[in-house]
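Trainee: Residue numbers (the numbering used here), protein chains in the order written: chain A, 1 to 322; chain B, 1001 to 1453.
Check before you lean on any hint, since a few could be wrong.
[Claimed, not checked] The list that follows gives simulated cross-link-like pairs (lysine-lysine, BS3-like), each with its CA atoms no further than 25 angstroms apart:
id, chain 1, residue 1, chain 2, residue 2
1, A, Lys241, B, Lys1358
2, A, Lys82, B, Lys1282
3, B, Lys1220, B, Lys1069
4, B, Lys1219, B, Lys1134
5, B, Lys1194, B, Lys1220
6, B, Lys1439, B, Lys1376
Hints were generated in silico from the structure; no laboratory data involved.
Residue strings, one per chain:
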Amino acid sequence: MINLLGKRYYFFLFSLLLIVPGMIVLAIYGLPLAVDFKGGSLLEVVFPSGKLPTTEDVVNIYTAYGFDTVTVQTAMGENNVKDILIIRSPDLTTTINGVESNPDATKNLIVTDLKTLSGDSEVYVNSFQNVGPTIASQVANRAILAIAIAMLAVVVYIAIAFRGVPHAIRYGICAIIAMIHDILIVLSLAAIGGKFFGWQVDSLFLTAMLTVIGFSVQDKIVVFDRIRENNGVLRRLPFEKLVNHSIIQTLQRSINTQLMTVEFMLLALALFGGVTLREFAVILLVGLLSGTYSSIFIAAPFLVVWENKEWKNWFGGHPAEA
Amino acid sequence: MSRRTINLIVIVILLAVAIIVDLPSTTKFLGTEPKTVLGLDLRGGMQVILQVDPNYTGEVTPEELETAKSILESRSNALGVSETTFQTSGERYIVGDLPGVTDTEDVVDIIKQTGQLEFVDTGSEYLDPGTEVKTDLDSAAQVTDPLVTTLPGTETQAQPVYHTVMTGDQLDQIAVTRDGQGVVSDIVISFTLKPEGAATFATHTTANVNNFLAIVLDKKVLSCPRINSPITEGEGIITGDFTVESANALAVQLRYGSLPIPLVVEQVRVIGPTLGQDSLNKSLVAFLIGFIIVTLFMLIYYRLPGFAAILAILSYGAITFAIFRLIPVTLTLPGIAGILLSTGSALDANILLFERMKEELRAGRTVQDALDLGWKRAWSSIRDSNIAALLTSGILYWFGNTFGASIVKGFSITLALGVFVSVFAAFFITRTVLRLLVKLIRDPEKHLGWFGI
Chain A
1 MINLLGKRYY
11 FFLFSLLLIV
21 PGMIVLAIYG
31 LPLAVDFKGG
41 SLLEVVFPSG
51 KLPTTEDVVN
61 IYTAYGFDTV
71 TVQTAMGENN
81 VKDILIIRSP
91 DLTTTINGVE
101 SNPDATKNLI
111 VTDLKTLSGD
121 SEVYVNSFQN
131 VGPTIASQVA
141 NRAILAIAIA
151 MLAVVVYIAI
161 AFRGVPHAIR
171 YGICAIIAMI
181 HDILIVLSLA
191 AIGGKFFGWQ
201 VDSLFLTAML
211 TVIGFSVQDK
221 IVVFDRIREN
231 NGVLRRLPFE
241 KLVNHSIIQT
251 LQRSINTQLM
261 TVEFMLLALA
271 LFGGVTLREF
281 AVILLVGLLS
291 GTYSSIFIAA
301 PFLVVWENKE
311 WKNWFGGHPA
321 EA
Chain B
1001 MSRRTINLIV
1011 IVILLAVAII
1021 VDLPSTTKFL
1031 GTEPKTVLGL
1041 DLRGGMQVIL
1051 QVDPNYTGEV
1061 TPEELETAKS
1071 ILESRSNALG
1081 VSETTFQTSG
1091 ERYIVGDLPG
1101 VTDTEDVVDI
1111 IKQTGQLEFV
1121 DTGSEYLDPG
1131 TEVKTDLDSA
1141 AQVTDPLVTT
1151 LPGTETQAQP
1161 VYHTVMTGDQ
1171 LDQIAVTRDG
1181 QGVVSDIVIS
1191 FTLKPEGAAT
1201 FATHTTANVN
1211 NFLAIVLDKK
1221 VLSCPRINSP
1231 ITEGEGIITG
1241 DFTVESANAL
1251 AVQLRYGSLP
1261 IPLVVEQVRV
1271 IGPTLGQDSL
1281 NKSLVAFLIG
1291 FIIVTLFMLI
1301 YYRLPGFAAI
1311 LAILSYGAIT
1321 FAIFRLIPVT
1331 LTLPGIAGIL
1341 LSTGSALDAN
1351 ILLFERMKEE
1361 LRAGRTVQDA
1371 LDLGWKRAWS
1381 SIRDSNIAAL
1391 LTSGILYWFG
1401 NTFGASIVKG
1411 FSITLALGVF
1421 VSVFAAFFIT
1431 RTVLRLLVKL
1441 IRDPEKHLGW
1451 FGI
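Chain B with its partners taken away, still in its complex shape (with noise of 0.2 angstroms):
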């Protein structure tokens, strides 16, 4: 076989591969999830900047802000906010879209709560953890008898609130340590209380000897433990089924209210839906028309080579979007333009290979020679014009990254990205599409005209 059919099959395949995952309908490609992520704002939505308190004089750790990433993650997905992505930038921001949320009614007062630990007075009801429970803390709600609203036939009634006997800022001290009691030592939490809450605790627990104590945290029951005998001295333990991580993790959270680092909102932004559907209609429009003209352009000015430089670009968007769908890469406004001037750069590969084609051809060499001198001398600006680009992407895409400027960090990725797939199209499809081209032709000396000339 010779190389001009290896490199004619390896295109088709490639293509047929990109086409695959370019199909809205592809949710699963050998292992891997193709999906198309939009932009907040090409779908509406809101992002918020949190930076670290300015006033704040202590050290921010790494580890502080990707825990408090963490804990904002996992608070926001408590709100039922689907696909939020928290992100941490730079040395004190963090960075957070929430997509489709556009009436915000104080969501970030939400993420910024303290993680709120109450203890329960479940009655004799055991409540397995992880069961979401409404208490009379925070609701102006009445206390229901848990015995009545279990009663068979009335599980649809409302939610039964229960008591909270005392709150988490009642704990002294926290500690991670080993239950050694049993046969298997588990990972519990051990704490002291203040006084004030020994007080409440001691009276509690004389009064309800074996009946059950759920310990809360953000209104999710942590565990369950039944009171077995009064605990007077102000000392208990939280059990639950931790890992040496998620307990450090929890005591994070009730040592220091909710995050380890005090957090300001620095920038808000939010993005009507509708505002965002029209970008994104009249970007597409705009994208189908610009591509049209360029399409008829390069067919009128450089015919034959203009042929083939149009599939290599169909290539290259096919190519280019399977990409973006595999990594994914999130698509936003920038991002689109940065396609654009990629595409740009893309037909930029081509005219100059072209160009030097046509110099060839007039300098009377014959088609086969053109082609191959042509691309000769077409490389090095090829080359030197694309790695400069590059680099000016990767400072775009630093700047983006370090301080939370979103927008420019998309545009470079596409950019870059665009690039990339742009020299390769250039490279492999428009010379293997166009090589063949040329040996359909018979004599194809005698068609310059095809060529443009």
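Bound-form chain A, shown alone (with noise of 0.2 angstroms):
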């Protein structure tokens, strides 16, 4: 039989090449927040004509408005032709002519400024997005919060369910372990994405880090269901041989179910999706594939780890029998 544990260094070693880059773009740019979390305004305009404003134009409208620190991008509308802008803004709540404005109504302000620049009478707004500060914020914390509450639950859960095992909070923790691993991974994913492609931070983003999370965990269960059972039967067998059994056991199932159904499904969608889906998908991707290495090379092999408690001998130690 394969011994995948006997190279379990190699492949934490291997997560950390992939982490570690993402984590110093990170630590340089910061997360790429749309503006559901940092609030401001995002405003997508088609001209269907194609003739753009240009970049200059746009501001010198939102500068008229008070708006400074005004991003402008262009996009690839539906004809293959440049004809959408992507304007990124401070929150459009303001005062114009000593009367206060709602977001709503400075929009349609700096909209029917755009259609007279352009002499394009068939301009329209494709999406607008304004997101007041306190929401933004608040949305922000409560996410970590109801990621932190999902972890908390699942270790919980885990405890309860694999109670008849020794130690049985352990497994829940190292699913906690391979689960941070998972959030990690996508993190490096969307700082990378945000500074080489502009991807950005937003409420779906959300949604795909905690499926992530919800599929990482249902992964780590079958896996960790198998050593359960394995326990049972298997008794007599070392811990780390018994642990690398139910993985080889489960890797048939790992891999079709992951790699062949959700990510078949998931690549449909990062391919064939609008284009508001695919950073969506291309993460979640990631992410579920993350889920499932990390299961078997880092929440298994961290259990083991545990077991033969290896960090004696991390930092040159020598094994307690020396």
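Hints in hand, dock the two standalone chains.
Mentor: What follows is the structure, given as structure tokens:
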């Protein structure tokens, strides 16, 4: 039988190689938060004639209403023509001529100005979001809270479901370690995608993240379930062999379920789904792949690391029997 | 009848019901109204999140938020925006979905406006409650003589514009009382006027005895009393077909302008109709392609069980969609992603089962035994992993519900429902179908290739 577990430190190293670069990008540039989480406005306008106003002109319109830090992006529309402007600006709640203007009214004024500027009467709004600063920071905080609660619930649930095996709580904690691994992989991807492809971390990203966590747990439970079962049958086997055995036994299922079905579906979504869903699908694709990978190469090996108390040897120490 | 036959009959009936509900032509089913509700992101529209003004120091009770919600709802319905929904979210938020609205034209402003009460001079004309009227209050239109426009044959002319004698801002005190003068005691709203308003009222009522003075809220006639005698003390009542609740609600509107609590726009999201349609079509195509690949894979890799799994997954799809139509669940893009993922979960349950079956077959068991044992062995992992998924979607739902993150909420609902149906499909449908298929084969042990071995 293949000894997968014997190479566990190579797998740990591989994960670190994936995570560390992303973390460095994250530390330098931060997470590319969308308006959902940092507040502000995002306006997507289509110019069917293809005559886009220049970035400078757009910025001037916004400046006239008192908004600075405006960024303008062009995007490809349906006919493979660059006819979409994506404009990001601060929260559009403002005061115009002494009257408080709600973000929607301000947006209408801006769109009218854009219409006049381009001379294109067909100009229309594809999407518009305006998020005030209060709700934005709240959503971000609650998201972290939601993830923390979800994780806690999972540890408790696994501890209860595995109460029949020795050290049931370890299974929960190892699942969490592997889940943190998956979160870091996804955050890494988001940071790098944000830096190089202009990705944004929005509510959809949050949905993807929570899905990754949910499925990561599902996958870990399937692998752990086999260890739980073998614990009763193969009691005389050393723990490391038992875990290795369990991994191999579930390998076919892991590959089929995750790679062939979930990934097929998501790949189709990434390739053929609309632009809105593409980022979402790519993040899920990588996240779920990571979820399967970490069940086999992080969660289960960590159980063995824990059982052998291997950390005593990590920093130049010697095995206890020396 | 054996249990197997009963199971099969149950499945067939269930599927038949699900398919009937799924048909777009089915709009009535056993007292329910199945319908496919598409979210804003799939058909275009506007979502606004209103928040209680952070500067507002008073306490916000759930009742106040609820009142504000219903006022907003009736206002936007009056605007002619169809299928608008407002929902309270958490303690300080109201989320409004206005499908189809993209050229918003200050919709938000209109929603937030104060309830405009007017006392309108209609001359000698009686207007039924509920009649919509035009007044000279906020339009530059000239007052037209109602007599001219109501001449026979001229009804098609422009609506008459009436003169507003006074507006609601002259109201001083408002109370809900019972008018006990008649035989039947009616619920009425009594009011007193500020001095300026009282003077205007006195002058008008003195000069227009026996004429009608309509009480109009948001351009709709509430009641149209006749001026029987001059009212000089600055007091009066509004009659109407009130219940205690509706009278109280109106009194609240009149007292606080419109909303019991000040609201500010916290978030606006507009999705154009083309973008929505585009996303919907592409997601459907993606789903179809993904499903075809999965079908091929399951058939090639698992053969006969794979075929049973495909039937189970198709049933899962039909049942889930029927549930979505019955509740109804609003389908959004993340919702569709949730469906995709629970479909993955449904497949996983089948794959777990088949892998265990294969193990048992390799260990030399009969096909019948392998089916039973495989299921028994796979069950603990299917159960535990799906409970964990339900836990997670429960937390997601709570998160989405409390903070108006409708994206997350839509996702968690479809995921949770999907997980339930997927476990049912694997537990019930795959097994029953597979048993039936095995029974149809003579000597299944000689055809292990059909089980992917």
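Trainee: Against the structure shown, which of the earlier numbered hints fail to hold, in ascending order?
Mentor: Violated hints: none at all, because every hint is consistent with the structure.
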